[in-house]
Amino acid sequence: MEHSALVGEHFLNPRHVGTLPAGDPDVGTGRVEAATHGDVTRLQVRVDRVSGVIREARFKAFGCSVAIASASLATEWVTGRTLASALTITADDIADALNLSVEKTYCAELAQSAIRAAVGDYEAKCGSSAELRTESHRCFR
Amino acid sequence: MDNHATTRLDPRVLDAMLPYFGDRFGNAASRSHAFGRKAAEAVDVARRQVADLIGARPSEIVFTSGATESNNLAIKGVVAAHHGQSGHVVTVATEHRSVLDPFRRVEAAGCAVTVLSVGPDGRIEVDALARAITPETVLVSVMAVNNEIGVRQPLAEVTELATSRGVVVHTDAAQAIGRGPFDVERERVDLASMSAHKMHGPKGVGALYVRSQPPARLQPIADGGGHERGLRSGTLNVPGIVGFGAAAALASAEMEADVPRIGTLRDRLWQGLRERIDRVVLNGSWEHRVSHNLNVSFAYVDGEALLTALDDVAVSSGSACASATDEPSYVIQALGASRDLARASVRFGLSRETTEAEVDYVIDKVARVVTRLRELSPLADEAVVSRGDPVGARWLAEP
Numbered sequence: 001m002e003h004s005a006l007v008g009e010h011f012l013n014p015r016h017v018g019t020l021p022a023g024d025p026d027v028g029t030g031r032v033e034a035a036t037h038g039d040v041t042r043l044q045v046r047v048d049r050v051s052g053v054i055r056e057a058r059f060k061a062f063g064c065s066v067a068i069a070s071a072s073l074a075t076e077w078v079t080g081r082t083l084a085s086a087l088t089i090t091a092d093d094i095a096d097a098l099n100l101s102v103e104k105t106y107c108a109e110l111a112q113s114a115i116r117a118a119v120g121d122y123e124a125k126c127g128s129s130a131e132l133r134t135e136s137h138r139c140f141r
Numbered sequence: 142m143d144n145h146a147t148t149r150l151d152p153r154v155l156d157a158m159l160p161y162f163g164d165r166f167g168n169a170a171s172r173s174h175a176f177g178r179k180a181a182e183a184v185d186v187a188r189r190q191v192a193d194l195i196g197a198r199p200s201e202i203v204f205t206s207g208a209t210e211s212n213n214l215a216i217k218g219v220v221a222a223h224h225g226q227s228g229h230v231v232t233v234a235t236e237h238r239s240v241l242d243p244f245r246r247v248e249a250a251g252c253a254v255t256v257l258s259v260g261p262d263g264r265i266e267v268d269a270l271a272r273a274i275t276p277e278t279v280l281v282s283v284m285a286v287n288n289e290i291g292v293r294q295p296l297a298e299v300t301e302l303a304t305s306r307g308v309v310v311h312t313d314a315a316q317a318i319g320r321g322p323f324d325v326e327r328e329r330v331d332l333a334s335m336s337a338h339k340m341h342g343p344k345g346v347g348a349l350y351v352r353s354q355p356p357a358r359l360q361p362i363a364d365g366g367g368h369e370r371g372l373r374s375g376t377l378n379v380p381g382i383v384g385f386g387a388a389a390a391l392a393s394a395e396m397e398a399d400v401p402r403i404g405t406l407r408d409r410l411w412q413g414l415r416e417r418i419d420r421v422v423l424n425g426s427w428e429h430r431v432s433h434n435l436n437v438s439f440a441y442v443d444g445e446a447l448l449t450a451l452d453d454v455a456v457s458s459g460s461a462c463a464s465a466t467d468e469p470s471y472v473i474q475a476l477g478a479s480r481d482l483a484r485a486s487v488r489f490g491l492s493r494e495t496t497e498a499e500v501d502y503v504i505d506k507v508a509r510v511v512t513r514l515r516e517l518s519p520l521a522d523e524a525v526v527s528r529g530d531p532v533g534a535r536w537l538a539e540p
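Chains as they are written, first to last, in the working numbering: chain D, 1 to 141; chain Y, 142 to 540.
Next comes chain D alone, as it looks inside the complex (with noise of 0.2 Å):
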């Protein structure tokens, strides 16, 4: 199947592959599976405490092509952006950079299901941490 130049880059030179300590209270994790079709997408942010921005991810994924080409793109968009800004972050947004066809929309779902769930992980152990409760707004959103 053809797919767009940017696929290609993006698959041929993935961004940011690899894996962050998930047990880091600064780290969060998001796993997602693409329930028709089997993929994995694996994405983790790591968030600067103060200012809620992200400071670097990473990401692993099983998958075709196009599936490693937007969880590759995903990372690339959230590094350097804050937790509330990387949400605005559409699968529209990531398929339209991607020029992706209809069939293969659900890759980019994926990928933004991944950051989403990251977000919320990260969040999730912001909020549970006693420590962290104390300087609540701090964890941003």
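Please keep in mind that the hints were generated in silico from the structure rather than gathered at the bench.
Glycine is no exception: its CB is placed at the ideal position from the N, C-alpha and C atoms.
Worth double-checking, as some hints may not be accurate.
Unchecked claim - Quick list of simulated restraints, FRET-style, between CB atoms:
#	chain 1	residue 1	chain 2	residue 2	range
1	Y	ALA234	D	GLY18	39 to 47 Å
2	D	ALA35	Y	GLU499	50 to 58 Å
3	Y	SER393	D	LEU6	49 to 57 Å
4	D	SER51	Y	ALA146	48 to 56 Å
Take the given structure of chain D and dock chain Y to it, following the hints.
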């Protein structure tokens, strides 16, 4: 390495065909003048060449546009010639779409259809076929060699059983012809579909073998000028048929030397892949496989991603994302494999043109790409962290 999809036209076949695109443009049905007679003679030669390859008589060869048409003619033609719409027909879950879809068509028209399942080796149980055949059964269609996993069905046993019950046997032999001995007398089939482009012949031409003794009863699906003994009307594709004949003659002459050599290369490929890559799963029987085929799944790696990264190595995948359909290979799933394993399946198809250097290049490239994609795969490191967890268990425990 994608020679199950198609093969390169042999230059010698092209040479044989070229005059029939030029001066020898006659219509093989115009036997009243020299132009037509020349074409008719060329078709006669080709008919004998194709018949010789499969141990048939020339009069038993019906030229068609390819194996898809041959399969349609065989299945719909037998059903129409027998009980019409009230009969019972039997086929196999791993058949090519050009067999399964005609079966769906006759089922929609009222025919009862039984689809036999296969074991992990990709073969049917002949006992299951024995239980499936009823007094109403008019046709059994079992492919000779599977197009994805290259596994031979126990065809001679199928025909022995079906013939003893008076049931017509059709086989889709598109992947078998030219890839080893295939003899219609030894296999005792009544109908066999063939395709020229799977054996270094041209695309758009094939044939249906139709047994004459005892005669296989068949109704045409295209009516018209009554060509091909009334079974396939339509002006003959003379250059294509000449090419098919030339390809068949080459296969007859060279197969005996080619097949073992191809088998050695295929074994080298399988051994090389296993040495370089762990967790490789062979799909289907090894023992009953044609020499030209290797079909494996690389755990934790999607087939489409692998194909895309391989770039200059042409292989094909059972991954849904690699094709127009939205389900991973039904053939690999029919072996009992998970959807993950089916989508990770990769088919290598060798031919007489494959070289040792190509095999070694493919081994190295596949090994490097699989390694890179596994570094990308969350399933690979999750499985390392906890063997036997639900994610790790998605893959067969292969050493």
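Status of the hints after comparison with the structure:
| no. | hint | verdict |
| --- | --- | --- |
| 1 | ALA234(Y) to GLY18(D): 39 to 47 Å | holds (42 Å) |
| 2 | ALA35(D) to GLU499(Y): 50 to 58 Å | violated (40 Å) |
| 3 | SER393(Y) to LEU6(D): 49 to 57 Å | holds (51 Å) |
| 4 | SER51(D) to ALA146(Y): 48 to 56 Å | holds (55 Å) |
Violated hints amount to a single one, hint 2; each of the other numbered hints is respected by the structure.
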